[in-house]
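Peer 1: Residue strings, one per chain:
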Amino acid sequence: MTVAPAPAPLISIRELTMAYGPVVIQRDLNFDIGRGDIFVIMGGSGCGKSTLLKHMLGLVAPAAGEILYSGESFTRASAQQRDAIRRRWGITYQTGGMFSAMTLAENVALPLQLYSAYSRGEIADIVAYKLALVGLAGFQDYYPAEISGGMLKRAALARAIALDPEILFFDEPSAGLDPISSRLLDDLIFELKESTGATVVIVTHELASIFAIATNSVYLDATSHTMIDCGDPAYLRDHSQQAVVREFLTRGGSLAKTAQTRSPEHE
Amino acid sequence: MAFPGPIPYTLAIPDKLPTPMSDAPAGLRLARQNDKDALLELSGGWVQGSKAADFASLREQLQPGTHTRLLIDGTALGPWDSTLVAFLLQCHNHCAQEGIELTTRNLPPGAERLLALATAVAPHQQPAASRGSWLAGLSPRQLFGKAVGAVRESLAFTGEVSIALARLVTGKSNTRFQDFRHFAYQAGPDALGIISLTSVLVGMILAYLGAVQLEQFGAGVYVANLVSIGVLREMGALMTAVVMAGRTGAAYAAQLGTMQTNEEIDAITTLGVSPVEFLVIPRILALMAVMPLLTLYANLLGIVGGGVVAGGMGISPLQYISQTEHALAVNHLAVGLAKSVVFAALIAVAGCRAGINSGRSSAAVGQAATEAVVTAIVYLIVADAAINILCQQLHI
Ligand SMILES: Nc1ncnc2c1ncn2[C@@H]1O[C@H](COP(=O)(O)OP(=O)(O)O)[C@@H](O)[C@H]1O
Ligand SMILES: [Mg+2]
Chain Z
0 MTVAPAPAPL
10 ISIRELTMAY
20 GPVVIQRDLN
30 FDIGRGDIFV
40 IMGGSGCGKS
50 TLLKHMLGLV
60 APAAGEILYS
70 GESFTRASAQ
80 QRDAIRRRWG
90 ITYQTGGMFS
100 AMTLAENVAL
110 PLQLYSAYSR
120 GEIADIVAYK
130 LALVGLAGFQ
140 DYYPAEISGG
150 MLKRAALARA
160 IALDPEILFF
170 DEPSAGLDPI
180 SSRLLDDLIF
190 ELKESTGATV
200 VIVTHELASI
210 FAIATNSVYL
220 DATSHTMIDC
230 GDPAYLRDHS
240 QQAVVREFLT
250 RGGSLAKTAQ
260 TRSPEHE
Chain R
0 MAFPGPIPYT
10 LAIPDKLPTP
20 MSDAPAGLRL
30 ARQNDKDALL
40 ELSGGWVQGS
50 KAADFASLRE
60 QLQPGTHTRL
70 LIDGTALGPW
80 DSTLVAFLLQ
90 CHNHCAQEGI
100 ELTTRNLPPG
110 AERLLALATA
120 VAPHQQPAAS
130 RGSWLAGLSP
140 RQLFGKAVGA
150 VRESLAFTGE
160 VSIALARLVT
170 GKSNTRFQDF
180 RHFAYQAGPD
190 ALGIISLTSV
200 LVGMILAYLG
210 AVQLEQFGAG
220 VYVANLVSIG
230 VLREMGALMT
240 AVVMAGRTGA
250 AYAAQLGTMQ
260 TNEEIDAITT
270 LGVSPVEFLV
280 IPRILALMAV
290 MPLLTLYANL
300 LGIVGGGVVA
310 GGMGISPLQY
320 ISQTEHALAV
330 NHLAVGLAKS
340 VVFAALIAVA
350 GCRAGINSGR
360 SSAAVGQAAT
370 EAVVTAIVYL
380 IVADAAINIL
390 CQQLHI
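Those protein sequence lines, which keep their order, are chains Z and R. For the first sequence, numbering that gives the first Met the number 0 begins at 0 and goes up steadily by one. For the second sequence, numbering that gives the first Met the number 0 begins at 0 and goes up steadily by one.
The following block holds chain Z by itself, in its conformation from the complex:
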């Protein structure tokens, strides 16, 4: 599934101001996310990363500005148009968002039953495959309450990728995972992007992930309530004009610069 390059960027954020009531979380956000990017939203805790994601998903309306998908306004789209766009997305939420009354298999099967052309038997195969991809083969009949937090994150990922989505949104997918699972998850995200041409928008604090897979990023600052830099994180780490960003990307300067470098093939 290769995708022809489009003239307009896949996602554009224009003059976006986000607020909960009178409290402005972030203002004047302007950036583009290109097709095939692995785009990281960075920033300290509470700066508004999840909020930005919720705006991009249309779960919260912007206080000002708009969000465009392939050059078309998503903010001003009708509910029907939004649903059509959303069908091409896969999303994981910060706290899981798995349906607790369904088994893992039923959770993953739900989007397939709703929107795919697969038969019942095929759906079972696809579900087995998606669960195996995230390392949960054999856990089909477990309920979300019966598996660990890290497994829950991976199960949520399996549900997000059920329909081979065009855009994947992840809110801190590797938080709470051990380093090996976290690494596997990075591999998986990268593989999905490579093999299906998906675009990935991801909120993460994991420097290893950021340098391993990210191709572009934005940094939201909690004190000035706006974005203070954007670009390739490997470049920002060494050349950002903002000391805060350099510090964030070197974990307060303690991390050796050479430790985590993106391999050249990913450039």
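Just so you know, not all the hints are guaranteed correct.
[Claimed, not checked] Footprint (simulated), chain R over chain Z, 3 or more residues, beta carbon under 8 Å: (1) 23-30; (2) 39-53; (3) 63-74; (4) 109-118; (5) 136-148; (6) 240-247.
[To be verified] The list that follows gives simulated cross-link-like pairs (lysine to any residue, SDA-like), each with its CA atoms no further than 20 Å apart: (7) R:K50 / Z:A123; (8) R:K171 / R:Q185; (9) Z:K192 / R:T118; (10) Z:K192 / R:E159; (11) R:K50 / Z:V59; (12) R:K50 / R:Q89; (13) R:K50 / Z:G95; (14) Z:K192 / R:L116; (15) R:K50 / Z:Q112; (16) Z:K192 / R:P78; (17) Z:K192 / R:P107; (18) R:K50 / Z:K53; (19) Z:K53 / Z:Q93; (20) R:K50 / Z:K192; (21) R:K35 / R:D80; (22) R:K145 / Z:K192; (23) R:K50 / Z:I122; (24) Z:K192 / R:K171; (25) Z:K192 / R:V168; (26) Z:K192 / R:H93; (27) Z:K53 / Z:G95; (28) Z:K192 / R:K35; (29) R:K50 / Z:Q93.
Hints listed in this document are in silico derivations from the structure and should not be mistaken for laboratory results. Glycine residues also receive a C-beta, built at the ideal position from the N, C-alpha and C atoms.
For this one, chain Z is given, so just place chain R with the ligands on it according to the hints.
Peer 2: Only chain R with the ligands this time, still in chain Z's reference frame:
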């Protein structure tokens, strides 16, 4: 045993099915190269809707006794998505199970890597706790076991509540007064609207019922006695309790069930605080404090409601009031209020027990709320009957 050359095995794709992204239809062909080796050739577009992945019939063709090696060839593959990799994974699992050696040739590199990722972790073997069929749940043994379990659970919970109450009395409890106040407010002033409506209507219903009968004897004015005694002893407390069971009992179950789901109850336990002391006691006490007041209010409005109907039937307000004064007796009022305290305890215990013992899913929380209301209403009716019999014996 030798096979007469390769056996073609092709799954044709019906034309009517949508093949959104494929130019050539998906196909697979199993050929036997010799006794031991099998070659599986995949061709065309393996995408959603292409209906190619019929693994079941392929499984029959692959005999574990004869075949020891399977080569999957993807040279002729067109576009692909999860359909292909899901199929490959089925092949992989089957081969691993039957001891067939699986090799691949010319598969799309992306699919190859995804397959490697999907097979990196060995499948989990131990099955989830068996759920059984729904029919098994109807067997007498299961039903009896369930009933015994429920009774035991109720007793255990009642015991815990008693211990917590004892600790409260001795001042060693972790119950917080601010919680009590909060729940008392929720159960009390917030419920006034619905209680007003139901009690006025109950008073009116009683008055209608009585007036029609009493007028036949020319004793219409005694409708006041009927209404005041009926409301004070019985209907005021019972109707308030039924409304509160649906309103507050269900809310308690849902609150505690959600806390169970969010591991909040675990957090409280590990803080060294008994969830019963911290969560259940304030709720029970709040409801027990508020229900008699609500009942008093309901009694008043019930009598007013009866008066409205009586007025419509030609009994003057003055007559109604003086007749009510005659009928009013402390024992009727006391019986009603005593009932309301008992009812409050039953509702709160039923609600909290259902919530604390709730499972950890949205469906389980719903079940807990249902259970809270159903058990509370059963308790109410049984307790009401018991109290009435007791009063009869004691001539109260
Ligand atoms: N539903 C909400 N209502 C009001 N304020 C909120 C809401 N959700 C988040 N916030 C506030 O917005 C800020 C950003 O939150 P969030 O986007 O979750 O941060 P993070 O970057 O850690 O994901 C926080 O200060 C938080 O208190
Ligand atoms: Mg967040």
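Peer 1: Against each hint, give a clear statement of whether it holds in the structure.
Peer 2: Verification of the supplied hints:
Under the rule that three or more residues need a Cβ within less than 8 Å of chain R, the assignment of the segment 23-30 of chain Z is violated, with 0 such residues. Counting residues of the segment 39-53 of chain Z whose beta-carbon sits less than 8 Å from any beta-carbon of chain R gives 0, not enough to reach three: the coverage restraint is violated. Coverage of the segment 63-74 of chain Z by chain R is violated [criterion: at least 3 residues with CB-CB distance below 8 Å; count 0]. With 4 residues bearing a CB less than 8 Å from a CB of chain R, the segment 109-118 of chain Z meets the requirement of three and the coverage assertion stands.
Residues of the segment 136-148 of chain Z with a Cβ under 8 Å from some Cβ of chain R number 9, which satisfies the need for three, so the listed coverage holds. Counting residues of the segment 240-247 of chain Z whose C-beta lies closer than 8 Å to any C-beta of chain R gives 0; at least three are required, and the coverage claim is violated. Restraint check for K50 of chain R and A123 of chain Z: the C-alpha separation of about 13 Å stays at or below 20 Å, so the hint holds. Proximity of K171 of chain R to Q185 of chain R is assessed by CA-CA distance (about 26 Å); at most 20 Å being required, the pair is judged violated.
Taking the CA atoms of K192 of chain Z and T118 of chain R, the gap is about 19 Å. The hint holds against a cut of 20 Å. Our distance criterion of 20 Å between C-alpha atoms is broken by K192 of chain Z and E159 of chain R, whose separation comes to about 55 Å. Between the alpha carbons of K50 of chain R and V59 of chain Z the distance comes to roughly 39 Å, so the proposed pair goes past 20 Å and is violated. Taking the CA atoms of K50 of chain R and Q89 of chain R, the gap is about 15 Å. The hint holds against a cut of 20 Å.
Using a Cα cut-off of 20 Å, the hinted pair K50 of chain R and G95 of chain Z is violated, with the two alpha carbons roughly 32 Å apart. With a CA separation close to 14 Å, the supplied pair K192 of chain Z and L116 of chain R stays within the 20 Å bound. As the CA atoms of K50 of chain R and Q112 of chain Z are separated by approximately 15 Å, the hinted pair is consistent with the 20 Å bound. Using a Cα cut-off of 20 Å, the hinted pair K192 of chain Z and P78 of chain R holds, with the two alpha carbons roughly 16 Å apart.
Between K192 of chain Z and P107 of chain R the CA atoms are separated by roughly 15 Å; this keeps the pair inside 20 Å, and the hint holds. Restraint check: the Cα-Cα separation between K50 of chain R and K53 of chain Z comes to about 36 Å, which exceeds 20 Å; the hinted pair is violated. In summary, the hint linking K53 of chain Z to Q93 of chain Z is supported, as the alpha carbons are separated by about 11 Å, within the 20 Å threshold. Between K50 of chain R and K192 of chain Z the CA atoms are separated by roughly 25 Å; this puts the pair beyond 20 Å, and the hint is violated.
For the suggested pair K35 of chain R and D80 of chain R, the alpha carbons sit about 31 Å apart, so the restraint of at most 20 Å is broken. Among the hinted pairs, K145 of chain R with K192 of chain Z is inconsistent with the structure: their alpha-carbon atoms are about 51 Å apart, more than 20 Å. With a C-alpha separation of about 11 Å, the suggested pair K50 of chain R and I122 of chain Z falls inside the 20 Å cut-off, and the hint holds. For the suggested pair K192 of chain Z and K171 of chain R, the alpha carbons sit about 59 Å apart, so the restraint of at most 20 Å is broken.
For the given pair, K192 of chain Z sits about 64 Å from V168 of chain R by alpha-carbon distance, which is inconsistent with the 20 Å threshold. At most 20 Å may separate the alpha-carbon atoms for a hinted pair to count; K192 of chain Z and H93 of chain R exceed this at roughly 28 Å. Note on K53 of chain Z and G95 of chain Z: the hinted pairing holds, with a Cα-Cα distance of about 14 Å set against a maximum of 20 Å. For the hint pairing K192 of chain Z with K35 of chain R, the CA-to-CA distance comes to about 38 Å; that exceeds 20 Å, so the pair is violated.
With a C-alpha separation of about 35 Å, the suggested pairing of K50 of chain R with Q93 of chain Z is violated against the 20 Å cut-off.
This entry does not satisfy hints 1, 2, 3, 6, 8, 10, 11, 13, 18, 20, 21, 22, 24, 25, 26, 28, 29, going by the numbered hints stated previously.
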